[in-house]
Each structure stands twice: as structure tokens, then as C-alpha cells.
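Protein chains in written order, with UniProt numbering: chain A, 1 to 95; chain B, 1 to 341; chain C, 1 to 243.
If you are wondering where the hints come from, they were derived from the structure by calculation, not from laboratory data.
Just so it is clear, the structure is predicted and the values come from calculations on it, not from any experiment.
For glycine and all other residues, C-beta sits at the position ideal for the given N, C-alpha and C.
Just to be clear, a hint being listed does not mean it is correct.
Reference listing, derived: stretches of chain A covered by chain C, where coverage requires no fewer than 3 residues with Cβ under 8 Å from a Cβ of chain C [as the list claims (entries may be wrong)]:
#, region
1, 31-38
2, 41-48
Derived DSBU-like pairs: lysine-lysine, alpha-carbon spacing no greater than 35 Å straight-line [what the hints assert, rightly or not]:
#, chain 1, residue 1, chain 2, residue 2
3, B, 127, B, 184
4, B, 333, B, 202
5, C, 124, B, 243
6, C, 124, B, 184
7, A, 68, B, 243
8, B, 243, B, 184
9, B, 243, B, 300
10, B, 184, B, 134
11, B, 314, B, 333
12, B, 184, B, 314
13, B, 333, A, 68
14, B, 333, B, 184
15, A, 78, A, 68
16, B, 333, B, 243
17, B, 184, C, 127
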Amino acid sequence: MTTTDWPLWEVFVRSRRGLSHTHAGSLHAPDAELALRNARDLYTRRGEGVSLWVVPSAAITASSPDEKDPFFEPAADKPYRHPTFYEIPEGVQHL
Amino acid sequence: MATAAAQQTARTQLGTGRDGTVGTVGTTDADDALARAFDAAVAADERIEPRDWMPDAYRATLVRQIAQHAHSEIIGMQPEANWITRAPSLRRKAILMAKVQDEAGHGLYLYSAAETLGTGRDELLDKLHSGRQKYSSIFNYPTLTWADVGAIGWLVDGAAITNQVPLCRCSYGPYARAMVRICKEESFHQRQGYELLLALSKGTPEQHAMAQDAVDRWWWPSLMMFGPPDDESSHSAQSMAWKIKRHSNDELRQRFVDICVPQAESLGLTLPDPDLRWNEERGHHDFGAIDWTEFREVLKGNGPCNEQRITQRKRAHDEGAWVREAAAAHAAKHTTGAPQA
Amino acid sequence: MTAPSTDTPAVSAALALGDDALVLSHRLGEWMGHAPVLEEEVALANIALDLLGQARVLLSMAGDEDELAYLREERAFRNLQLVEQPNGDFAHTIARQLYFSTYQHLLYARLAAGDGPFAPLAAKAVKETAYHRDHAEQWTVRLGDGTEESRTRMNRACAALWRFTGEMFQPVEGVDVDGAALEAEWLASVADVLRRATLDLPEGPRSGAWTAGAGRQGLHTESFGRMLAEMQHLHRSHPGASW
């Protein structure tokens, strides 16, 4: 390896038990172990987390903004997936 | 850059001037549609995200601004780190170390925001080291006494916060998110500076004089942090249109002066401006003329510490090269979990 | 001001452990703005802040933290000579961290398990020092098994600081641990890390008349006086002032 440009990692922090990991930002590290430690020092120094993930940025496959319409628009016209779609007679409970 | 700017101007005009049905050449049509989508998103106060189409000039402006901001954080470590080893109490020493550490952290958040625009941190650092990108001129002034640590916290961080709070609503998502995090963390920076100065001001006569001297030296440079007056600011209009910037330089400067005057009174210190007085009619404080010649000189590289700051930064980077190489070489030998750069 | 003359064993011990933490924190603080990579600025500062926190608790057990830090003469400091050694290059700093944080972690684990006056502090510090030890080990392995240059530098640093390591296992009044057992565990751990890092285990003596073994009695090395002069200057220039 001739370059010293350490690869980029995405950092995900679980802020407390019961919540999922949330993207916090990115950092550079030569390998996974140091990436995790750098993430701890950089993103949790005020007690922001109880668990960390680091993922090589290059390993993430993202949907493209160009595909936004085919990906996400078809979901917009299916109101029957939502409970508010259904009319229930007044007085019926626990439903 | 000129072509990119021209292109943007053209796109903006097209975006507002066409109804979308004109044009038969596919690429032009597609470009128009993208430009319109971008303009509409900005107009609707939506955020632009890394993979969205954006005008080249918007991207270039952001890279320049975020990089300069990141550089300011890491160069800004130096004047304060200058006092870590001499901090006069263990409590103050812990506070100062935590603050300088935050600045390194903020530099990292910002470099990572800049990297989402496709420019690597190494390249940005290289531009800093070779003088092709700038950092805030304020850090080219020296910290001569312990009170300067307080003046930096109160005035320099105060000015920075005034500038930065609106950036939390900047149109570029990663920059806005980095700024939210930074502003939240920086709230202690200004308070610790104020508390430090207050302790000095209420202390011995020597300590009081030290505090006044520091405020005398940092006041005017702090006002310059808001940049040139609006009528001379070259990037302002476009940045405001793109919602990268939300308020003009003079507006923010006035806001800062109005905030500082009563704070100085509570400190028992004076601000070094004989023309500073409340203007009932304007509902603001009037203040004296800023020495823009000094501003331009420091910007050009002729400030008291320009040379020293860059030299130290370069030395740390160069002397650290073998460490970065060693870790990269180790990762290459033990490939588990190590992606290629 | 010299060391409190009516030292109880607990006070002597608080000074010894507190001075170790104070002095090493100061040395690590000197790195700020000079670290080899930005991520390490943050990491080294974290360690320095942990140590400074420990120092403040320990010195407060012995007296007023600021009087003790800022108004004692060099001979009244009880820290190990190891922690006062100048930062040198990053390899020297990492070697110093490896030697000291391994010792400190093993020591605090023992103190945390006991019921002496340091147990409450040790219960917190043992977690901090576990992280410091891990940081030092991670970097020792990367610098040792990195490039030719980094291995050379790391071998040189480990050898240079080796002679200051014997002092850590001398008995300290008020610190109730088995020094011989601590030393054996320390040696095994450090030897294992150096082996994983493809580094040489230094062979020279681990103490000597003028090299190590005297810091706990107040005898220090040349650079320490200069470090204290810098650290104490401002505080001493304003007698009685509050900050």
C-alpha cells in the first residue's frame, strides 16, 4: 500500500438500550479495530452511546437519487396499508 | 470556476424561465429538470443531500466554505493549546484540554461533511498546507497571556457561534447536521471563556489588567470575523440565494455587538471603542470604523502568526507521516476488515 | 512548600499515584496540536483528561489539589521517573503508555478489588486504564509490525524507556499490593504485546542508581524541572490569586 490515505468509515451509534443504531458521521482509520476506537473517542465523548458500529464507507450500497421515483413513489398510493384507511363504526373499542 | 458559475446562472435562469416542455435534446432537458428540482428543493427549504444533483458552483462553494471552516477548527487549536501546559489551576487545565480536544473533533466532523462532496481529507489538508485554502484570520493573532484564553472563548467563540447557528439550517444536509452537533458542543466554550474572564476581572488588580488587555486586543479582530462589509463581500449574494448563508455579514456583526455590550458591563470590562453607543433610533449600538487594511493584511499572510501556525501544522503532519504509513502498512498485511483506500 | 511532613501512609500513597497521573497527563497535553493524525489528537486528549481527573481526586485526598500541583518543589513530587520522560516521537509516547498503562491497569484492578481508601477511585479508574492499555497495545502492534522505519523507532523507544520500568514495582507506603506478583503479570503482558508486535523484548537492566528507582523518593530526571517550571510559572506569579 503506497497511499497513507486511510479509508473512510461510517459510524453508527446506539444512544441507549432499546433504540437502534443511528448514523452519526464518518472518520478515517487504517483498520476496523482503530475505526471503532476512533469512533468511541470522536462520537461518544459526552456519553452519547452504549454501542457502536463502524462500516467501511465503500461497503455501503445506496439507492440513487435518480431512482427515487421508481423506488419510492409506488408506495405513496397504497393507503390501504395504513390503519386510518378503514372506517369503523363509532363505539367499537380495542381496534 | 467561471464556467461553472456561468452554467449555474444559466440554469437558474432556465429554471425560472421555462415551463419544462421546451427542448428536444435529451441531455439538456434532463439537466434542466435536475436544475429545476434543485432550485425547488432549496426554495422549499428542503435539504440537498450528497448524491443529489447540484450545480458545480454550489458544490465548489460548499467545499471551499466547509474546508475553510474545518481548517479554522484545527488551526484554532494552536493559540489555545499554547496555554494548556501553563493553565493556572487543575480545573482550568481540564476545561482547556477538553475544549481544544473538541476543536479537533469539530475539525473532523467538518472534514467528513466536506468529503461527502467528493473531495478527500488528504487533498483538503494539502491545500491548507500549501496555502491554497484559507482558515479564519483570527487565529493569526497570538495568545500572549492567560486572559487571552478567556477572550477567545468569550469573543472569538461568541462571534463563531453567531455565525454558526444559522448554518444549522444551511441547505446542504451534511454541513447542517455537522453544525447542529458543533453548536451543541460549543455552548460550553463561550461560557467557560466568560467565566474565566470574570474570575480575572474580579481578581487581583494584576489579573483585572490582564483581562482588560486581552479584551482590548481581541475585540476588533473578533468583529472582523464576520467578513468584509456587505457591499464588498464577493460570495455573499450567491450563498444567500443558495441558503448556504442565511444572514449578511453586517447583520451578524451588528447582532454580535449588541450581545456583547451588556456582557462586557457585567464583566466589569470595557470594549476598546470610543464610538460605541446605543442608538435609540436604530435600536442597535453604533460602533466605530473597522480597520479593513489590517484585515486584508492578515488575510494576505502578514498577520503576527500566519507563518508560525502553518509551519506547526505542516510539521505535525510531516512528522506524523511515518505513523500513518505504519498503520496503513499493518492493515495491508492483516487484511481482515481493512478495505482498500 | 515541600511534601506534607506528617504524611500518613494514605497521604503518601495518594501523592505517589496522584503525581503519576498529573505528570503523565501534562506530558500528553503537550501533544495537543502536534499529533500525527487528527483522530489521535482526540484519543490522546481523552487519555490525558482521564489521568487529570484521577490526579485531582488523588491529590485532593492528600490536601489542596492546586497547592500540591503548583507550589511543591521538584523534590517533593513522588511520581515515577517513567511518566516524566519527554514525549519524544510518537513511538516513545506509545512505549511510555504501554509500560505505564499496563502497570496502572493491573494496579487499579487490585485496588478496586480491595477495601482500602483507593477502592472507590480505582473502581472508576480501572475502566479508564483498561482503555488506555488497549490504545497503547493497539498502537504498539501497528508500529512494531508496520514499516521498517516504524519497527526501528518502536524498538528504540521500548529499549530507551526500559530502564525506568523497575521502579513501578518498588513498594509504596500505603499501597497494599504484592509488588512481585504485579511485576510478573506486567512482564508477561508486555512481553506478549511486544511479541505480537514483532518487537524485541529489551534486555538491559530495569533500574539503576541514577536511572530509576528514585522518583518515589523525590529524585527526578533533568527534563522534569523544566516541565514543572512551565507548569507552575503562571500560578506562582500571582501568589494567592484565584482563577
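So, going through the hints one by one against the coordinates:
1. 31-38: The restraint on the region 31-38 of chain A holds, since 4 of its residues have a Cβ under 8 Å from chain C and three suffice.
2. 41-48: holds (count 3)
3. B:127 x B:184: holds (29 Å)
4. B:333 x B:202: Roughly 60 Å separates the two Cα atoms, so the pair is violated.
5. C:124 x B:243: With Cα atoms ~47 Å apart, residue 124 (chain C) and residue 243 (chain B) exceed 35 Å; violated.
6. C:124 x B:184: Cα-Cα ~27 Å, so holds.
7. A:68 x B:243: Given that 35 Å is the threshold and the Cα spacing comes to 24 Å, the pair holds.
8. B:243 x B:184: holds (21 Å)
9. B:243 x B:300: holds (28 Å)
10. B:184 x B:134: Within the cut-off at roughly 25 Å; holds.
11. B:314 x B:333: It holds: about 29 Å lies between the C-alpha atoms, which stays within 35 Å.
12. B:184 x B:314: holds (30 Å)
13. B:333 x A:68: Cα-Cα ~40 Å, so violated.
14. B:333 x B:184: violated (40 Å)
15. A:78 x A:68: Roughly 17 Å between the alpha carbons, so the hint for residue 78 (chain A) and residue 68 (chain A) holds.
16. B:333 x B:243: Answer violated: residue 333 (chain B) to residue 243 (chain B) is near 46 Å, above 35 Å.
17. B:184 x C:127: With Cα atoms ~27 Å apart, residue 184 (chain B) and residue 127 (chain C) stay inside 35 Å; holds.
Figure legend: structure checked against the earlier numbered hints; hints not met, in rising order: 4, 5, 13, 14, 16.
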